[in-house]
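**Q** Sequence:
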Amino acid sequence: MQIALAPMEGLVDDILRDVLTQVGGIDWCVTEFIRVTERVLPEHYFHKLASELLQGSKTRAGVPLRVQLLGSDPVCLAENAAFAAELGAPVIDLNFGCPAKTVNKSRGGAVLLKEPELLHTILSHVRRAVPAHIPVTAKMRLGYDSTEPALDCARALEAGGAEHIVVHARTKVDGYKPPAHWEWIGKIQDVVKIPIIANGEIWTVDDWRRCREICGARDIMIGRGLVARPDLGRQIAAAQAGREVIPMTWIALQPLLRDFWLQAMAKMTRVQAPGRLKQWVVLLTKSYPEATVLFDALRRETDCERISQMLGVNVPEAA
1 MQIALAPMEG LVDDILRDVL TQVGGIDWCV TEFIRVTERV LPEHYFHKLA
51 SELLQGSKTR AGVPLRVQLL GSDPVCLAEN AAFAAELGAP VIDLNFGCPA
101 KTVNKSRGGA VLLKEPELLH TILSHVRRAV PAHIPVTAKM RLGYDSTEPA
151 LDCARALEAG GAEHIVVHAR TKVDGYKPPA HWEWIGKIQD VVKIPIIANG
201 EIWTVDDWRR CREICGARDI MIGRGLVARP DLGRQIAAAQ AGREVIPMTW
251 IALQPLLRDF WLQAMAKMTR VQAPGRLKQW VVLLTKSYPE ATVLFDALRR
301 ETDCERISQM LGVNVPEAA
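To convert, note that position 144 of the sequence shown is 144 in full-length UniProt numbering; the numbers rise steadily by one, no gaps.
Since the hints were made in silico from the structure, they are not lab data.
Wrong hints could be hidden among the right ones.
[To be verified] Derived lysine-lysine pairs resembling DSSO-like cross-links, with alpha carbons at most 27 Å apart:
id, residue 1, residue 2
1, Lys58, Lys177
2, Lys177, Lys187
3, Lys48, Lys114
4, Lys48, Lys101
5, Lys114, Lys286
6, Lys101, Lys114
7, Lys48, Lys278
8, Lys278, Lys267
9, Lys114, Lys177
10, Lys58, Lys105
11, Lys101, Lys193
12, Lys105, Lys48
13, Lys58, Lys48
14, Lys177, Lys286
15, Lys48, Lys267
[Said to hold, decoys possible] Simulated DEER-style distance windows between Cβ atoms:
id, residue 1, residue 2, range
16, Gly10, Glu148, 42 to 48 Å
17, Thr292, Ile246, 21 to 27 Å
18, Asp219, Pro131, 46 to 52 Å
19, Glu290, His47, 33 to 39 Å
20, Ala132, Ile246, 39 to 45 Å
21, Thr204, His47, 32 to 38 Å
22, Asp152, Asp296, 23 to 29 Å
23, Asp303, Lys177, 15 to 21 Å
24, Pro289, Pro178, 17 to 23 Å
25, Asp303, Gly216, 34 to 40 Å
26, Asp296, Asp259, 35 to 41 Å
27, Gln2, His133, 34 to 40 Å
28, Gly24, Glu148, 37 to 43 Å
Quick reminder that beta carbons are idealized off the backbone N, C-alpha and C, glycines included.
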């Protein structure tokens, strides 16, 4: 079984990938999407969204990173994929699932699920442009406003050369509203020979068990569930192996919060860093009552020194 950390724009950046993969239970992770439009992007842009490329395409914990591209121009995507491979990307992933209105309006993400032929063309171009030893994969939803095209889209991606497909079991219109339609993952697996990875609404070990029972998927990708419960991958791996599942305590989580905060202050402005911390803490409230208390204290706080005191972080004067 493979457990992957999902790409989530504006949330799962290189800092959070670094911190979450230290916990264990995550086999690989994916960058936030790199938007491709009219040209080959400069090297520094890839490094901005995928700093792990500078360290062997792995997080500090040694978890491999895959580079995800988003766009609709097959030639331009292929050229950028080839460049990403030159920079060290071990896998190229293509985004056909982003539900953001601004992305869809510019013909990116889930809106392309209306055009299975274009999906095939994009995959074919990227597959030909990337060295044979580098896998090309895809992430899709069940469709834009209905599940009608789901099977055709999966067939198109497979025919184009996708090594596997991650299926977020909702349409674009569904957004992130529960439930995830896990039964469709099984339907898609029935019509293609490549592996299908289940994604969507896995927040607990019990959710993983139900997902597996409903769709039969061996491998899973988790987004918000791992952000809200950093040891969820480790818990699921333990359950799969028949070991006792021992959840991470709030106290055990504190070093991760402090690490995240120190990295955020080092990489971001003093205006940006508090917002990024609050963004994570608010998701932690889904799993930890103590996080609610912390978030209430942080809610209106913008002073980095006072936030550091709340977290028990000693920041040198020079910082």
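**Q** Hints the structure violates: just list their numbers, smallest first.
**A** Hints 1, 3, 5, 10, 11, 16, 18, 22, 23, 25, 26 and 27 contradicted; others consistent.
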